[in-house]
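Between the sequences and the hints, there should be enough to build the whole structure, so can you do that?
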Amino acid sequence: MPARLPYAYRYLRAKKKFPHVWCPGCGIGIVMGSIIRAIDSLGWELDDILMVSGIGCTSRMPVYVDFNTLHTTHGRALAFGTGAKMANENLKVIAVMGDGDSMAIGGNHIIHAARRNMDITAIIVNNNNYGMTGGQFSPTTPQGARTATTPYGMIEPDFDVCKLTEAAGASFVARGSVYHVMELDGIIKQGLDGSGFRVVEVLSPCPTNFGRANRQGDAVKMMEMLRDNTVNRAQAEKLPPEKLQGKIVRGVFADRKTTGYIERYRALVSRVTSGSEVKK
Amino acid sequence: MSGVPWGETRLVQGNEAVALGALAAGIDFFAGYPITPSTEVAEILAREMPLVGKKWIQMEDEIASISAIIGASLAGGRSMTATSGPGFSLMQEGIGYACMTEVPLVLVNVMRGGPSTGLPTQVSQGDVMQSRWGTHGDHPAIVIAPSDVEECFRLTVRAFNLAESFRTPVIFMPDEVIGHMREKLTFPMKEEICVTPPSAPDVPIEWYEHYHSSATGVSPMAHFGSGYRFHVTGLTHDTHGFPTRKVDEVVAKMNRLKQKITRRLDVLEDNMLHNVEESKVVVFCYGSVYRSALAAQQILAKRRKKVGIFRPVTLWPFPDRTVKELLDGKEVIIVPELNQGQIIHEVERLTSDNVRVVPMHRYDGYEITPEQIVEAVQEVM
Amino acid sequence: MSEKPAKGQTKTEPCEVKRKNAVHIFPEWCKGCGICVAFCPKQVLTMGDDQKAHVTYPEKCIECALCARRCPEFAVFVSDEKLRDSKKNGGEK
Chain A
1 MPARLPYAYR
11 YLRAKKKFPH
21 VWCPGCGIGI
31 VMGSIIRAID
41 SLGWELDDIL
51 MVSGIGCTSR
61 MPVYVDFNTL
71 HTTHGRALAF
81 GTGAKMANEN
91 LKVIAVMGDG
101 DSMAIGGNHI
111 IHAARRNMDI
121 TAIIVNNNNY
131 GMTGGQFSPT
141 TPQGARTATT
151 PYGMIEPDFD
161 VCKLTEAAGA
171 SFVARGSVYH
181 VMELDGIIKQ
191 GLDGSGFRVV
201 EVLSPCPTNF
211 GRANRQGDAV
221 KMMEMLRDNT
231 VNRAQAEKLP
241 PEKLQGKIVR
251 GVFADRKTTG
261 YIERYRALVS
271 RVTSGSEVKK
Chain B
281 MSGVPWGETR
291 LVQGNEAVAL
301 GALAAGIDFF
311 AGYPITPSTE
321 VAEILAREMP
331 LVGKKWIQME
341 DEIASISAII
351 GASLAGGRSM
361 TATSGPGFSL
371 MQEGIGYACM
381 TEVPLVLVNV
391 MRGGPSTGLP
401 TQVSQGDVMQ
411 SRWGTHGDHP
421 AIVIAPSDVE
431 ECFRLTVRAF
441 NLAESFRTPV
451 IFMPDEVIGH
461 MREKLTFPMK
471 EEICVTPPSA
481 PDVPIEWYEH
491 YHSSATGVSP
501 MAHFGSGYRF
511 HVTGLTHDTH
521 GFPTRKVDEV
531 VAKMNRLKQK
541 ITRRLDVLED
551 NMLHNVEESK
561 VVVFCYGSVY
571 RSALAAQQIL
581 AKRRKKVGIF
591 RPVTLWPFPD
601 RTVKELLDGK
611 EVIIVPELNQ
621 GQIIHEVERL
631 TSDNVRVVPM
641 HRYDGYEITP
651 EQIVEAVQEV
661 M
Chain C
662 MSEKPAKGQT
672 KTEPCEVKRK
682 NAVHIFPEWC
692 KGCGICVAFC
702 PKQVLTMGDD
712 QKAHVTYPEK
722 CIECALCARR
732 CPEFAVFVSD
742 EKLRDSKKNG
752 GEK
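Protein chains in written order, with our numbering: chain A, 1 to 280; chain B, 281 to 661; chain C, 662 to 754.
Because the hints were derived from the structure by calculation, they are not lab data.
A portion of the hints provided could be inaccurate.
Said to hold, decoys possible - Simulated pairs of lysine-lysine, PhoX-like, Cα-Cα distance not exceeding 25 Å: (1) B:LYS582 to B:LYS560; (2) B:LYS604 to B:LYS560; (3) C:LYS703 to A:LYS16; (4) C:LYS721 to C:LYS703; (5) A:LYS189 to A:LYS163; (6) A:LYS221 to A:LYS243; (7) C:LYS703 to A:LYS221; (8) B:LYS533 to A:LYS17; (9) A:LYS16 to B:LYS560; (10) A:LYS17 to C:LYS713; (11) A:LYS17 to B:LYS586; (12) B:LYS586 to B:LYS604; (13) B:LYS586 to B:LYS610; (14) B:LYS560 to B:LYS526; (15) C:LYS713 to A:LYS221; (16) A:LYS16 to B:LYS526.
See the structure below:
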């Protein structure tokens, strides 16, 4: 270690043991770095940040960062975060969740967090399976893919995280990938800084489970797949439909700047305490 | 009416008294989901809390509700939710999480007929064992069962205080009859209500261990955004809150959770006794059944028959020592319950074979009447 | 190799300034995933027999900091300025 530690160390928990728990080649660490750079760039105070997570590989992130951190139950990060945000409006709440945690067991909560536009940024790391428990399928597992619980290939259609949360009412929706890390830095910074419900889906490899089950090769090969099978919005618009087949689009899909829940609640309190509200 | 009518006398519903008790205790955050017969608590607080700038939200389900109040409590807000049987079942995972992470909260469970959807608008006392062991794993439980509207007000404040002092969820459990009954209630003056202040750490930030091993097992804890940054997880953890599998740290945590409660039974135990010492026959009851027992006692007194009443107000932790001391020597203990027999097992456990423990079960959605208790007592006399 | 300005010379000659080694890899944290090695645009890094990444051709480094950003382990660092300023450094295709 050099004498002068890189800035990232300011944001990492000194007491926690590094190297962290994630597998070699897993992209979650890349997302964590991106979040830290975004926070550094925004100049946020550590005391004001709450990182909340559910259960799963992605949800292991909070323990490594020196913020207020809350590792909750499977699927419920957004509900815990909602309570925390309402009780202490100064907190900047970042929810980090995997695809299974947020879209399966947490599905109801993400829909409603989006609908009421709760002032939370949800960073969803999508590696297309439940990694921590051994690689079972999730609502984002592509059709035909093999997983621990789809030994003959996935027969269910999958969710599009961005379309779903946009339709449910999220004020900011974007997708990035851990390969396209410069773009990701920008997207996450945009997603953190704002109000209302902001969703950043990040495509990431799971070489140990999903990658192995589907013979996608090692981490490097899976990163190459992210490079070759995704396009940003600008590129997508220029491509003919045949070329777009099977490609995932990255970029910002919605940036509505709609009124967040906290502001709405403040307006309610204002309205009822000013005496202008006629009560029964 | 707006706010707690301090010093005034009103006709108040049980659920209403719970809501007002929460306001008196300084509730900052309520998250709930409508469910009969608890809905009045949520509706009244929906009206009252915004008027004092406090936060109220109806979540999408009960799991979201218990999760939200835990998050709010960790962020420094006094928090409560209200539910009934099916919602209580959904909340169990959250209750376990709050036990493990030592987060104060009040959970109001107004008991209705079960299991499953059961009898939504009718009374039972079917959740007694669930309130002790509903969530998985070894965990402490503090459960209070009020028997009248005044207690719904005063003991809700106590529930908040106990939650704060013991850093654990407190379940406030009226049965449907108590929740929906209306009685005259003279509210105390504001100065007469004692509210436990929130805990705050007494060491500098660099020294702070969120689960510091203190003598009582309850340490002064910080909240999110206070300048003390710490990690909270449902995984078994060390004194810093970081997950651990080390044997000594796991055992220390598990013992801490248990001893937090077992070391302060004196504070938690709360019983009401009527003529227990001098009676050979005692009626052991709680909740709304206590009201019928009181009436039965009066009827029997007129017939010159003496019967004692033992009522635990705090159901869990169960008053083991007191029950053993006072009841293990009686001839007959009658246990009327609005279920198929739940608390009776505790009484049986603590009394020797020569004490006759007589069950009285009613589980048709209706109240046990004073006459029924009178009959049961007369049968054994 | 670079040309150093001659001793005593005050004028700054156009010359190739010898680059400091901008990339640091902490082997204790490296898990040998190979991502930094594979995607370095200038092939500065190689994978050693010890299953750790090594900075083998530091002189080729253009300090794009992609290796540092793409390392999931926080094992690779370039200067703070490069990492913080995501606008200046090369974007991706």
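Checked hints:
1. B:LYS582 to B:LYS560: With a Cα-Cα distance of about 17 Å, the restraint between B:LYS582 and B:LYS560 holds, given a limit of 25 Å.
2. B:LYS604 to B:LYS560: holds, 15 Å
3. C:LYS703 to A:LYS16: Distance ~34 Å between C:LYS703 and A:LYS16 Cα, so the pair is violated.
4. C:LYS721 to C:LYS703: holds, 6 Å
5. A:LYS189 to A:LYS163: holds, 21 Å
6. A:LYS221 to A:LYS243: holds, 21 Å
7. C:LYS703 to A:LYS221: holds, 19 Å
8. B:LYS533 to A:LYS17: holds, 21 Å
9. A:LYS16 to B:LYS560: violated, 62 Å
10. A:LYS17 to C:LYS713: Roughly 19 Å separates the two Cα atoms, so the pair holds.
11. A:LYS17 to B:LYS586: Answer violated: A:LYS17 to B:LYS586 is near 68 Å, above 25 Å.
12. B:LYS586 to B:LYS604: Between B:LYS586 and B:LYS604 the Cα gap is close to 21 Å, so the pair holds against 25 Å.
13. B:LYS586 to B:LYS610: Between B:LYS586 and B:LYS610 the Cα gap is close to 13 Å, so the pair holds against 25 Å.
14. B:LYS560 to B:LYS526: Violated, because 52 Å separates the two Cα atoms, which is more than 25 Å.
15. C:LYS713 to A:LYS221: holds, 18 Å
16. A:LYS16 to B:LYS526: Cα-Cα ~15 Å, so holds.
The structure fails to meet hints 3, 9, 11 and 14 from the earlier list, while all remaining hints are met.
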